[in-house]
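Q: Sequence:
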Amino acid sequence: MKSGYVAVIGRANAGKSTLINVMVGEKVSIVSPKPQTTRDRILGVMNGENYQVVFVDTPGIYKAKNALTDMMMRTTEESAKAVDLILYVLDGHEGVREEDFSLMRKYKELGLPMAVAYTKIDIMPKENIPLDMAKFADSGIDLDVFPVSARKGRNIKNLREFLISSMPEGGKVFEEEIVSDKSERFMIAEIMREKILLKYDKEIPHGVAVVVNIFRLGENGVYEVNLDIVCEKPGHKAILIGKQGRAIKEVSSFARQDMEKFLGKKVFLTTYVKVKEDWRDKPGLMKEYGYEEFREL
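Numbering (this note's numbering), first residue to last: 1 to 297.
These are calculated hints, taken from the structure and not from any lab test. Be careful, since some hints might not be right.
Computed cross-link-like contacts, DSSO-like style, restricted to lysine-lysine with a CA-CA straight-line distance of at most 30 Å [to be verified]:
1. K152 <-> K265
2. K266 <-> K249
3. K182 <-> K265
Cβ-Cβ distance ranges computed for the label pairs, FRET-style [said to hold, decoys possible]:
4. N155 <-> L112: 16 to 24 Å
5. D122 <-> N226: 38 to 46 Å
6. A137 <-> G221: 52 to 60 Å
7. E219 <-> E177: 24 to 32 Å
8. V275 <-> G95: 34 to 42 Å
9. V222 <-> A137: 52 to 60 Å
10. S253 <-> K157: 35 to 43 Å
11. E161 <-> R246: 43 to 51 Å
12. D122 <-> E161: 17 to 25 Å
In this text, a Cβ means the ideal position worked out from N, Cα and C, and glycines have one as well.
Work out the full structure, taking the sequences as your base and the hints as a guide.
A: Here you go:
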């Protein structure tokens with residue numbers, strides 16, 4: 001059978017996590033229109049009768065501004081070295097930039113097989129696609145390019161077949177029923193963070209960590225979830241809570257609905273907002289909140 005690892009790499013907001021979720025067939029990574037949505041290396045497993053492809057979802061390439069984003073970029077760099085193929089995801093809606101070509105050349109130098117997923121073709125003018133493909137030809141970068149729409153499923157089959165055929169022969173890395181290396185507890189925290197990213201503006205969502213204190217299934221068949229939302233400034237706490245607590249109630253309600261969908265059971269959710277100033281620059285707190293240095297595959 002065909003079996004191997006594919007590192008999914010690209011600039012922030014290119015659509016990496018959405019593409020992986022579609023490929024795997026389940027939600028293994030949270031999605032939002034903001035940079036820094038993916039903070040960890042997350043594995044998503046695509047299983048088939050004669051193949052198993054393990055996608056390595058990496059943080060979007062982003063200029064480091066603090067210890068957390070610096071760690072995220074190291075995770076992306078190291079992940080690219082330990083796989084069987086690199087899939088560079090390029091936001092077709094934004095168009096090809098010289099920055100993309102520079103990054104592609106950089107990763108090609110690793111000597112690994114590489115291809116490009118040119119995403120979001122469902123929300124861009126069709127005439128832009130051949131123009132961008134001409135830019136590829138002019139760049140001298142010889143790579144297979146797959147224009148795709150993850151949300152609409154366009155050309156996903158062709159990309160999937162290419163990736164499977166590019167994997168080496170080998171045994172399964174994970175048992176067939178496993179679709180991610182992350183726990184349910186981890187995903188519950190990520191779902192909460194996703195809703196915060198979607199609801200709040202500017203810098204506040206990027207300065208938030210979610211810590212799950214209690215995650216257990218009661219005898220009544222209801223999950224009890226107790227979590228802390230950690231922010232960096234008292235002013236951010238006030239915004240997160242909102243007037244008379246309306247904002248935190250609203251975002252918690254949205255999160256609970258998604259948690260119930262993910263777990264397949266009812267959820268009793270309790271949330272608290274706490275302040276830990278500049279936690280993104282404090283390695284001890286980063287580790288406490290689950291953000292640790294890169295671990296080999």
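Q: Per the hint of 52 to 60 Å, is the separation of the Cβ atoms of A137 and G221 within bounds?
A: holds (58 Å)
Q: Assuming the hint says 24 to 32 Å, is it satisfied by the Cβ distance from E219 to E177 or not?
A: holds (25 Å)
Q: Look at the Cβ atoms of D122 and N226 and judge whether their distance stays inside 38 to 46 Å.
A: Hint holds: Cβ distance 39 Å, inside 38 to 46 Å.
Q: Between the alpha carbons of K266 and K249, is the straight-line distance 30 Å or under?
A: Holds, at about 17 Å.
Q: Would you check the hint for K182 and K265, treating anything up to 30 Å between C-alpha atoms as holding?
A: holds (19 Å)
Q: Going straight from one Cα to the other, do K152 and K265 come out at no more than 30 Å?
A: holds (28 Å)
Q: Mind checking the hinted window 35 to 43 Å against the Cβ distance between S253 and K157?
A: holds (37 Å)
Q: Between the beta carbons of N155 and L112, is the distance compatible with 16 to 24 Å?
A: Hint holds: Cβ distance 23 Å, inside 16 to 24 Å.
Q: Cβ-Cβ distance between E161 and R246: within 43 to 51 Å?
A: holds (49 Å)
Q: Quick one: are V222 and A137 within 52 to 60 Å, going by C-beta?
A: Once the Cβ atoms are compared, 57 Å apart, the range 52 to 60 Å for A137 and V222 holds.
Q: With 17 to 25 Å as the target window, see if D122 and E161 comply at their CB atoms.
A: At roughly 20 Å between Cβ atoms, E161 and D122 fall inside 17 to 25 Å, so the hint holds.
Q: With 34 to 42 Å as the target window, see if V275 and G95 comply at their CB atoms.
A: holds (40 Å)
Figure legend: structure checked against the earlier numbered hints; every hint is met.
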